[in-house]
Amino acid sequence: MLIAQEFVRPIIDWHGVAPELTLLAIGAMVTLVDIIWNEKAQRIIPTLTGLGFLAALLPVLTLWSDRDELPRVMWDGAYVVDEYSLVLKGLFLVSAYVVVLLATNYMHDGDYYEGEFYQLVSASVVGMLVMTSARDLISIFVAIELISIPAYLMAAWRKRDLKSNEAGLKYMLMGVFASALMLYGMSLLYGFAGDTRLAAIAPALRSSESIPLITLAVVFVVVGFGFKVSAVPFHTWAPDTYEGAPTPLTAFLAVASKAAGFVALMSVVIVAFPEQSGVAEPLLWVLAAVTMTVGNLIAMRQTNIVRMLAYSGIAQAGYMIAPLAVFGDVPSSAARAIVIYLVIYAAMNLGAFAVVITAARKTRSGEISSYGGLFQYAPGLAVLMTLFLFSLAGIPPFGGWYAKYQVFLVLVEPATTAGYVLAAIGAVNAVLAAFYYLSIMKQMWFMPEPNGDHTRVQITPSLQAALAITAIVTLVTGVLPGVIPDVGDLVVALP
Amino acid sequence: MIDVIVFAISALIIIGGAIGVIALPNPVHAALSLIATFFGVAVLFVQQEAHFLALVQVVVYAGAIVVLFLFVIMLLGVDRAQELGVEPLAGQRAAGVAVGAVLLALVVGGLFLSGDPDRGGAVALTGQSGQVVPTVEGEQDVIQLARDLFTRHLLTFEATGILLTVATVGAVVLVRARGAEDLILDEPGTAQH
Chain R
0 MLIAQEFVRP
10 IIDWHGVAPE
20 LTLLAIGAMV
30 TLVDIIWNEK
40 AQRIIPTLTG
50 LGFLAALLPV
60 LTLWSDRDEL
70 PRVMWDGAYV
80 VDEYSLVLKG
90 LFLVSAYVVV
100 LLATNYMHDG
110 DYYEGEFYQL
120 VSASVVGMLV
130 MTSARDLISI
140 FVAIELISIP
150 AYLMAAWRKR
160 DLKSNEAGLK
170 YMLMGVFASA
180 LMLYGMSLLY
190 GFAGDTRLAA
200 IAPALRSSES
210 IPLITLAVVF
220 VVVGFGFKVS
230 AVPFHTWAPD
240 TYEGAPTPLT
250 AFLAVASKAA
260 GFVALMSVVI
270 VAFPEQSGVA
280 EPLLWVLAAV
290 TMTVGNLIAM
300 RQTNIVRMLA
310 YSGIAQAGYM
320 IAPLAVFGDV
330 PSSAARAIVI
340 YLVIYAAMNL
350 GAFAVVITAA
360 RKTRSGEISS
370 YGGLFQYAPG
380 LAVLMTLFLF
390 SLAGIPPFGG
400 WYAKYQVFLV
410 LVEPATTAGY
420 VLAAIGAVNA
430 VLAAFYYLSI
440 MKQMWFMPEP
450 NGDHTRVQIT
460 PSLQAALAIT
470 AIVTLVTGVL
480 PGVIPDVGDL
490 VVALP
Chain E
0 MIDVIVFAIS
10 ALIIIGGAIG
20 VIALPNPVHA
30 ALSLIATFFG
40 VAVLFVQQEA
50 HFLALVQVVV
60 YAGAIVVLFL
70 FVIMLLGVDR
80 AQELGVEPLA
90 GQRAAGVAVG
100 AVLLALVVGG
110 LFLSGDPDRG
120 GAVALTGQSG
130 QVVPTVEGEQ
140 DVIQLARDLF
150 TRHLLTFEAT
160 GILLTVATVG
170 AVVLVRARGA
180 EDLILDEPGT
190 AQH
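Residue numbers (numbering that gives the first Met the number 0), protein chains in the order written: chain R, 0 to 494; chain E, 0 to 192.
Because the hints were derived from the structure by calculation, they are not lab data.
Note that CB positions come from ideal geometry on N, CA and C, so glycine has one too.
Take these hints with a grain of salt, some might be off.
Some chain E residues close to chain R (C-beta under 8 Å, calculated; not the full set) [claimed, not checked]:
(1) I4
(2) A104
(3) L105
(4) G108
(5) G109
(6) L154
(7) T155
(8) T159
(9) L162
Some chain E residues well away from chain R (every beta-carbon gap over 12 Å; in silico) [to be verified]:
(10) L23
(11) S32
(12) F37
(13) E48
(14) V58
(15) I64
(16) F70
(17) G76
(18) A100
All chains should be modelled from the sequences, with the hints used to inform the complete structure.
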């Protein structure tokens with residue numbers, strides 16, 4: 000007899016996986032509509048995909064309303080639906096909806112393949128939803144690949160343009176290299192624990208004495224995630240990829256894809272490494288300090304706005320890594336601060352990209368100098384851009400200040416020298432960042448239009464919706480920060 | 000004793016193959032010497048009683064993936080020795096060697112340095128051979144793997160399915176030519192529509 004033990008059908012909590020399954024069904028439907036009606040369907044496919052993201056938000060809301068049942072633990076603790084994962088699922092679905100709004104006219108006017116683009120976006124978002132609940136090395140890895148591989152392909156979507164080809168190729172090569180490093184670290188972690196579940200790795204690491212090997216595993220895993228969140232010195236792919244990729248996809252990479260990398264980093268570091276903070280904390284401290292400073296210094300020298308936003312995004316990633324540098328003392332507040340930062344960063348950065356895409360419909364340029372006179376011919380757009388830039392710089396009363404304030408609170412909470420020094424570096428960097436954000440405002444408000452062309456910018460309904468959503472979220476999170484739901488405790492015991 | 004001999008022979012084959020991949024000037028030869036590495040790893044899997052992994056290693060890696068490599072090499076017409084004397088970026092090789100040396104030191108250090116002696120630290124590499132512990136006694140590894148795949152990793156398994164489909168769709172879009180789609184060289188920054 001070969002089978003010594005009967006196969007037991009795993010119990011699946013269908014409500015718990017409903018968001019993923021809904022989105023998967025929508026993605027399949029978009030594919031079918033695209034195949035059956037072909038050209039005739041091109042007009043409705045973006046709408047359909049956008050509604051699909053909103054439809055997948057419904058089960059997230061019902062799960063949230065049924066909070067007494069949380070955490071829902073599935074597959075022996077490999078998959079957990081808790082407050083943390085629900086807040087992030089909501090963030091990913093709304094960001095993806097805004098990205099679809101940004102892409103609608105861009106993809107159509109540019110005559111790029113449309114149906115397939117939205118299918119790839121949906122697949123990538125399914126990966127993000129899985130990522131928020133994954134508490135197991137294998138599901139985290141598969142989720143990362145499910146997020147990244149469609150993104151590699153979409154970065155090269157403007158395939159008649161060499162810059163876009165370069166963007167896709169660079170992103171893929173660096174991404175695959177990072178995955179290999181991460182897998183190596185993960186295999187060492189598995190070797191320690193004999194288990195892929197994060198909650199089982201923590202006690203195994205705690206009882207192990209092989210500090211050098213643990214260090215090796217931690218370094219490789221953190222470096223692998225460092226590439227995904229474009230932390231310095233693993234950021235070299237980001238500016239070229241951001242510049243060459245279709246701009247809506249750049250917004251997707253800079254916000255959703257980066258946030259997914261942070262979710263993975265957070266889950267692994269906070270759940271699996273709690274007792275190894277002596278190894279992980281100094282590494283993350285250096286990563287945070289270098290990422291903020293280098294990102295800001297290079298951002299100052301940029302003349303192309305997309306490249307500038309890429310470097311500003313790198314600097315912002317430094318702020319998001321910072322709470323992890325003190326996570327050993329305050330794991331729950333660190334996770335809370337990062338989630339708050341991710342929500343606000345998503346709103347303000349998507350908003351900035353929405354303005355860039357709208358303005359490029361008239362100027363056909365990504366140069367910062369082309370923003371001259373924006374206030375004269377498109378005052379609304381200039382005001383909105385000012386709002387997003389103020390928020391990115393962390394000036395009250397817009398969302399960005401609250402995100403930075405939370406990060407500083409976490410850094411000073413354990414009252415250690417390392418935390419205070421990192422907070423000081425963060426404060427200096429906030430001043431540096433204000434410099435280049437304000438230089439764009441100077442262009443918009445005080446410089447004349449370079450060609451003397453004062454025709455108005457045509458803002459399509461989908462771009463209007465995207466600008467409205469991002470502006471409202473940026474404002475509300477700044478004035479009433481309490482609206483961001485609390486993410487609770489991240490660590491869930493094994494069943 | 001026989002374990003050590005088998006390990007030594009397959010380790011030599013693995014390392015020899017790996018050196019061949021980076022040292023041989025002809026890409027076809029490099030791809031072929033990759034097969035040697037894959038076979039050596041397969042032997043090690045058999046030694047660890049991971050028969051299914053050994054089979055997959057031979058069929059998928061030594062078989063399909065290397066054939067795919069050769070296919071691409073032939074298709075691109077680079078089946079000759081490449082000119083490797085030119086360094087595209089000055090100092091790139093020196094930097095590569097330095098990074099490689101640091102990585103090697105990190106891995107070797109991780110394996111041989113002892114842990115904190117106060118906490119009973121020991122050298123990670125002990126020279127003792129590993130033990131095979133089946134999760135269910137008296138069951139083949141294929142069955143154990145299948146059980147794990149269709150219970151705990153069910154969702155991951157399905158996600159991999161989506162991943163493969165999506166990668167195929169995207170690859171077709173990227174390589175497909177629609178009418179006269181010539182590569183146009185846009186001015187930087189003007190390509191946004």
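Exercise for the section: Would you pick out the hints that fail for this structure and give their numbers low to high? Expected result: Those not satisfied are hints 1, 2.
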